[in-house]
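J.: Model the full assembly from the supplied sequences, consistent with the hints where possible.
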Amino acid sequence: MSLTWTRRTLAGGALAMPFVRGAAAQQTIEWVAGSLGGGWYTIAAGLSALIKDENPELQIRVVPGGGLANSTRVNRNQSQMGWGIDTFAASARKGEEPYTEKHENLRSLGTGYSPTEHHFLRRTDAGPEDMRAILTQKGLRLACPQRSSTDEMTLQRILKFLGTSPDKIRAEGGRYLTGSYADIGAAFSDGQADYLYAALARPAAMFSEIAQGRRAGRLVEFPADVRKHLIDQYSYAEGFIPAGTYPALQTAAVPVTLMDSVLMVHESLPEEVRGLLRLGQTALTERGTESPEHMCEYVQQRRRIWKTLLTGGAVSAMRDEFMRISAEIAAVRRSNPWLPVDLGVPFTASGIFEILAWWMRQPEDYPVKHVVKLIDVLIIENVSRPRAIELT
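So for the sequence shown, the numbering used here puts the first residue at 1; every next one is plus one.
Treat the hints as calculated values from the structure; they're not laboratory data. All of these numbers come straight from a predicted model, not from anything done at the bench. Among these hints, one or two may not hold up.
As the list claims (entries may be wrong) - Each computed SDA-like pair below joins lysine to any residue, with the alpha-carbon atoms no more than 20 Å apart:
id, residue 1, residue 2
1, Lys307, Met323
2, Lys138, Ser108
3, Lys228, Ala216
4, Lys94, His229
5, Lys168, Ile134
6, Lys94, Ser108
7, Lys168, Arg147
8, Lys307, Met360
9, Lys228, Glu96
10, Lys94, Glu104
11, Lys94, Asp130
12, Lys307, Ala357
13, Lys160, Ser149
14, Lys138, Ser208
15, Lys160, Gly139
16, Lys168, Gln137
17, Lys160, Asn105
18, Lys228, Asp130
19, Lys228, Gly163
T.: Here is the structure:
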């Protein structure tokens with residue numbers, strides 16, 4: 001798949017920095033990316049250099065990888081962070097095909113870094129025009145990226161849903177060609193294949209070149225039931241290739257399946273969050289202002305990190321992380337036994353999260369003592385103050 005370098009990607013990738021344990025000694029973590037020279041590898045290498053400029057104690061070693069294998073490397077902590085594809089990261093987490101075990105150590109720093117459209121191109125001189133009829137016809141000549149790539153795995157999922165497969169295509173006199181993007185683009189242009197499938201961020205150079213070439217083609221709509229199946233079964237998304245993206249290949253917007261890049265980390269990394277929430281728990285069990293002051297100073301000393309975490313693209317992931325770690329802490333430390341855990345945990349975690357997120361949106365000189373007072377009045381007084389309450 002192809003990635004575009006955007007400010008959104010830079011912001012998302014930079015979120016890796018806070019999830020490394022803070023320490024005075026120099027640290028090295030490994031970031032598994034894509035193939036050498038590819039989009040993922042280039043972005044990871046550039047971001048690691050930017051992060052090092054502002055954090056000389058942190059070394060990020062970028063190594064080659066791939067969309068399917070990266071989930072397993074991060075889950076086993078062979079690499080502490082890595083690029084992945086959202087739908088395949090979801091499959092890895094659940095232990096579903098093509099993975100054979102649950103990847104329960106995976107955590108996400110967020111997605112939305114590079115939405116990637118699935119393109120399906122057909123010949124225009126003959127043959128059926130809709131996806132179902134095309135992929136189930138005898139004598140189908142189809143080209144797609146290399147075997148076990150995320151593109152090809154998605155195509156296999158579609159074929160299975162439609163009751164066919166690469167083996168069946170070949171058995172019925174067809175061709176199922178796999179290769180590099182350059183190879184499959186040439187196969188369509190040269191007439192070795194009549195249909196072409198690939199997942200590439202638009203506008204994709206391969207399809208733009210085909211549009212200017214000697215053989216005409218037309219983008220094919222993904223049927224609603226196919227898109228729904230991929231969403232429900234495998235956690236894909238859906239969208240459109242807007243009208244005018246490839247003027248020679250389309251006359252209107254084309255509904256398609258989407259997938260996106262996700263930045264994965266091993267569960268052992270979110271020490272910044274753990275440190276903060278441990279201080280929050282101390283604030284709940286040790287009355288007075290000293291403990292909330294410690295928590296706020298903890299954030300103030302790392303304001304640049306926490307502003308990125310609490311107001312940037314990882315907000316949703318951070319809320320989940322606050323909730324998860326708060327639940328772990330509450331399992332061993334409870335300040336009010338009468339308060340149901342499944343109420344107290346989300347109430348406390350959400351309250352702390354929202355106060356801190358609000359604070360990070362204020363000017364940098366906003367008084368820390370005011371934030372301490374807000375936490376004390378809104379959270380500590382309500383959750384920690386002893387009350388004679390019976391819930392029977």
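J.: Now, for every hint given, state plainly whether the structure supports it.
T.: Against the structure, the hints:
Under the criterion of a C-alpha separation no larger than 20 Å, the hint pairing lysine 307 with methionine 323 is consistent with the structure, at around 19 Å. Between lysine 138 and serine 108, the direct Cα distance comes to roughly 42 Å. Violation of the 20 Å bound is thereby established for this hinted pair. Among the hinted pairs, lysine 228 with alanine 216 is inconsistent with the structure: their alpha-carbon atoms are about 30 Å apart, more than 20 Å. Proposed proximity of lysine 94 and histidine 229 is supported: the alpha carbons are some 17 Å apart, at most 20 Å.
Proposed proximity of lysine 168 and isoleucine 134 is supported: the alpha carbons are some 14 Å apart, at most 20 Å. Between lysine 94 and serine 108 the CA atoms are separated by roughly 14 Å; this keeps the pair inside 20 Å, and the hint holds. A C-alpha spacing of about 16 Å is found between lysine 168 and arginine 147, which places the hinted pair at or below 20 Å, so the restraint holds. Of the supplied pair hints, the one linking lysine 307 and methionine 360 holds, its CA atoms being roughly 5 Å apart against a limit of 20 Å.
A C-alpha spacing of about 18 Å is found between lysine 228 and glutamate 96, which places the hinted pair at or below 20 Å, so the restraint holds. Pair hint lysine 94 plus glutamate 104 holds up; C-alpha atoms about 8 Å apart against a cutoff of 20 Å. The straight-line distance between the Cα atoms of lysine 94 and aspartate 130 is roughly 33 Å, outside the 20 Å bound, and the hint therefore fails. Under the criterion of a C-alpha separation no larger than 20 Å, the hint pairing lysine 307 with alanine 357 is consistent with the structure, at around 8 Å.
For the suggested pair lysine 160 and serine 149, the alpha carbons sit about 16 Å apart, so the restraint of at most 20 Å is met. Between the alpha carbons of lysine 138 and serine 208 the distance comes to roughly 29 Å, so the proposed pair goes past 20 Å and is violated. Restraint check for lysine 160 and glycine 139: satisfied, since their Cα atoms lie roughly 17 Å apart, inside the 20 Å limit. For the hint linking lysine 168 to glutamine 137, the alpha-carbon distance of about 11 Å falls within 20 Å, and the restraint holds.
Proposed proximity of lysine 160 and asparagine 105 is contradicted: the alpha carbons are some 30 Å apart, above 20 Å. At most 20 Å may separate the alpha-carbon atoms for a hinted pair to count; lysine 228 and aspartate 130 meet this at roughly 17 Å. Among the hinted pairs, lysine 228 with glycine 163 is consistent with the structure: their alpha-carbon atoms are about 16 Å apart, no more than 20 Å.
Hint check: violations occur at hints 2, 3, 11, 14, 17; the rest are consistent with the structure.
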